[in-house]
Amino acid sequence: MKLEDFNILVIDENPDRAAIVERGLVEGGYTRVSRIGTSFNLVERIQVLAPDIIIIDLENPDRDTLEQMFQVSRAIARPIAMFVDQSDNNMIREAVEAGVSAYVVDGLRQDRIRPIVEMAISRFGAFDQLRRERDEAKAKLSERKLIDRAKGLLMQEKGLSEEDAYNLLRKNAMKQNRKIFEIAQSVITAFQLEF
Amino acid sequence: MPLKQVRLGFVPLVDCALPVVARTKGFAEEENIDLTLVREMSWAAIRDKLSYGVFDAAHLLAGIPLAARIGLGGVPSQRLVVPMALGRGGNAITVSTRLYQRMLEADPAAMHGPRGLSARALKKVIEEDRAAGRPIMSFATVFPFSSHNYELRYWMAAGGIDPDKDVNIGVIAPPRMFDSLRNGWVDGYCVGEPWNQRAVFQGDGVIVALKDDIWSRSPEKVLGVREDWALSNPDTVDGLVRALVRAAEWADQPENRTELAQLLSHENHVGASFDILRASLQGRPVLKPGDNPIDAPDRHVFYRYTATFPWLSQGAWVGRQMQRWGQVDKTVDFNAVVAEIYRPDIYRRAVADLDVALPREDWRVEGLNDAEDRALVGSDAFLDNSIFDMRSAASAADAPADHAMVPDR
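Chains A and B, in that order, give the protein sequences.
So the mapping is simple: the numbering used here equals the position in the first sequence, first residue as 1, plus 5.
So the mapping is simple: the numbering used here equals the position in the second sequence, first residue as 1, plus 91.
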């Protein structure tokens, strides 16, 4: 099976994290990636999407529903089992610690699955770090400091003057009806997101 | 002496009471344990975090350590052990008010008879639907390997319903059950409190059978720990068991039940309304919107009737139900599996210096309900008055029709 043939489904209640995982997979050459949030017709949606692999956040209550699918084979056309590789307990531990769980169609080769799960683990980790950094940044910097930092990034990365950088932030704040420091926060996050 | 850190995962249900009481009333601290409680919304998440060391201990469905040992449910085989049980009772079967009306019209006699046999009315509704060409109804339990799943199936089978053919049984995590019923995604469910009582209080559901109606004073959640952790931290395991047993004794005093309802209503614990939790904990549940509460003093039992003792026969019963419903091959010897997982030896060692009633044997004939039994464990009859003797291979071999009342199929 070629990378672009893998049908991957990302289930996550956090749309930002799901987007980061999806982008990582697509950049890694997996083109058939879909994502869904919480849904009450989960079994039906999975039947329609017929994924080879499901990546789902470990704490998602939908996992209990997914686990039932192993038991009731008639509920789903293709049997799905949780990522099981007896030889690779460390990887499962890493996944649990990162908050990732994976379910795969039975019979898929472990060496084809591993890079996908590894990608999810690293993206969950990156998201956690971003979130942590953002929380820390929030605590440390006043609004003024956030704006100064965003201005600096715009000047450095986009070659704007200090006045133009500030005007760009202000213009976007007015257009989006948000505060300037919120736009500044978005700018900072956006630059951090460039992996 | 520094406190020993223990991280314990739990799901927001009334039967997380013992860890909550052990922490908040100081029983854990008296055993030199700093007990950190972590609230989880999924049984799969609790199982994985316990198995891979994020948690030291967990509030578990009794089926989870059995399924984990034989490698069911997706993770490689895990060696979890059960040093104690966390109480009895607490579950119920709730149906939508609409389905309740249909059951009442289809078979008023069954609906006014013993609640354990109310599935006979459901059978009539299923027959009506079949004759009219309507789709089959959907029910939910909380996990494939849950007592809720086995209780719902036991109740249905006793009413002549084949739970694998006549209805759909799916899985929804406990905190989401209530919305699923309210929005009509399921017609009924079996779940622990407060999620039944809440449906009744909000006018969306009717309780048609209590856990007690299906199997009186039947066992519910257990304490799970990893075997290697238990082996390398024997003093901590013993201290944790003692703290939870003393918490159970506190939680079973009628005069403490109001305070317990307050503790559990906190958003870090169960996070449901105080009134709903109090009704259930005081043994005064309301079964139908607008009705007066009924007297069910043993609705939640934490300490009496050896409610914290890890009876081998109760683990074996769960294992046999897994086989009865085709989750596990009949060749698996659950008596042997349970003997490795249930650890009454740890329990006896831990409570040796406490004044706790201890049975002579580690197993018993479940459902016997004779005088000696009633003194020890209370009346423990099954709805069909059958008995479960773990020494008898026949009850597993005859599954799924292993109980007299399972009718013509």
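Calculated from the structure, these hints are not laboratory results.
Because the structure is a prediction, the values reported are computed rather than measured.
Fair warning: there could be bad hints in the mix.
Unchecked claim - Residues of chain B placed beyond 12 Å of chain A at every Cβ, according to the derived structure: (1) M92; (2) E121; (3) E131; (4) D139; (5) G144; (6) P167; (7) R189; (8) R193; (9) E196; (10) N259; (11) D326; (12) G362; (13) S477.
Said to hold, decoys possible - The following label-pair restraints were derived from C-beta to C-beta distances: (14) G144(B) with R139(A): 46 to 56 Å; (15) E123(A) with N347(B): 21 to 31 Å; (16) L94(B) with R98(A): 20 to 30 Å; (17) A448(B) with Q52(A): 43 to 53 Å; (18) R375(B) with T43(A): 48 to 58 Å; (19) K256(B) with P120(A): 56 to 66 Å; (20) L449(B) with D133(A): 39 to 49 Å; (21) G34(A) with M92(B): 47 to 57 Å; (22) V423(B) with R98(A): 48 to 58 Å; (23) P167(B) with K7(A): 21 to 31 Å; (24) P226(B) with D21(A): 52 to 62 Å; (25) L54(A) with Q293(B): 42 to 52 Å.
Glycine included, each C-beta is placed from N, C-alpha and C at the ideal position.
Right, here's what the structure says about each hint:
1. Non-interface call for M92(B) relative to chain A: holds, since the shortest CB-CB distance, roughly 30 Å, exceeds 12 Å.
2. Against chain A, the non-interface label of E121(B) holds: every CB pair exceeds 12 Å, the least being about 32 Å.
3. Chain A draws E131(B) into its interface by the beta-carbon criterion, the shortest separation being 7 Å against a cut-off of 12 Å.
4. Consistency note on D139(B): stated as away from chain A, yet its beta-carbon is not over 12 Å from all of that chain's, at 5 Å minimum.
5. With a cut of 12 Å on Cβ distances, G144(B) falls inside the contact zone with chain A, its closest approach being about 7 Å.
6. Once the 12 Å rule is applied to beta carbons, P167(B) is inconsistent with being away from chain A; the minimum gap is 5 Å.
7. The claim that R189(B) is not at the interface with chain A holds, since no C-beta of that chain comes within 12 Å of its own (minimum 18 Å).
8. For R193(B), the non-interface assignment is confirmed: its Cβ lies about 23 Å from the closest Cβ of chain A, beyond the 12 Å cut-off.
9. The Cβ of E196(B) lies farther than 12 Å from every Cβ of chain A, with a closest approach of about 29 Å, so its non-interface assignment holds.
10. The non-interface label for N259(B) is inconsistent with chain A: the shortest C-beta to C-beta separation is roughly 8 Å, within 12 Å.
11. The beta carbon of D326(B) is kept farther than 12 Å from every beta carbon of chain A, the shortest such distance being approximately 26 Å.
12. Taking the minimum C-beta to C-beta distance to chain A, about 14 Å, the non-interface status of G362(B) holds against the 12 Å cut.
13. The beta carbon of S477(B) is kept farther than 12 Å from every beta carbon of chain A, the shortest such distance being approximately 25 Å.
14. A hinted range of 46 to 56 Å for the beta carbons of G144(B) and R139(A) is inconsistent with their spacing of about 28 Å.
15. Separation of E123(A) from N347(B) is about 50 Å and departs from the stated range, judged on CB atoms against 21 to 31 Å.
16. Separated by about 26 Å at the C-beta atoms, L94(B) and R98(A) satisfy the suggested range of 20 to 30 Å.
17. Remark: the range hint 43 to 53 Å for A448(B) to Q52(A) is upheld by a beta-carbon distance near 52 Å.
18. The given range of 48 to 58 Å is broken by R375(B) and T43(A), whose C-beta atoms sit roughly 35 Å from each other.
19. At about 42 Å, the beta-carbon gap between K256(B) and P120(A) misses the expected band of 56 to 66 Å.
20. A beta carbon spacing of about 47 Å between L449(B) and D133(A) agrees with the range 39 to 49 Å that was offered as a hint.
21. For the hinted restraint 47 to 57 Å between G34(A) and M92(B), the CB-CB distance of approximately 56 Å keeps it satisfied.
22. Between V423(B) and R98(A) the Cβ separation comes to about 27 Å, which falls outside the hinted range of 48 to 58 Å.
23. At roughly 29 Å, the beta-carbon separation of P167(B) and K7(A) lies within the given 21 to 31 Å, and the hint holds.
24. The beta-carbon spacing between P226(B) and D21(A), approximately 38 Å, falls outside the hinted interval of 52 to 62 Å.
25. Here the CB-CB span from L54(A) to Q293(B) is close to 34 Å, at odds with the stated 42 to 52 Å.
Hint violations for this structure: numbers 3, 4, 5, 6, 10, 14, 15, 18, 19, 22, 24 and 25, all remaining hints satisfied.
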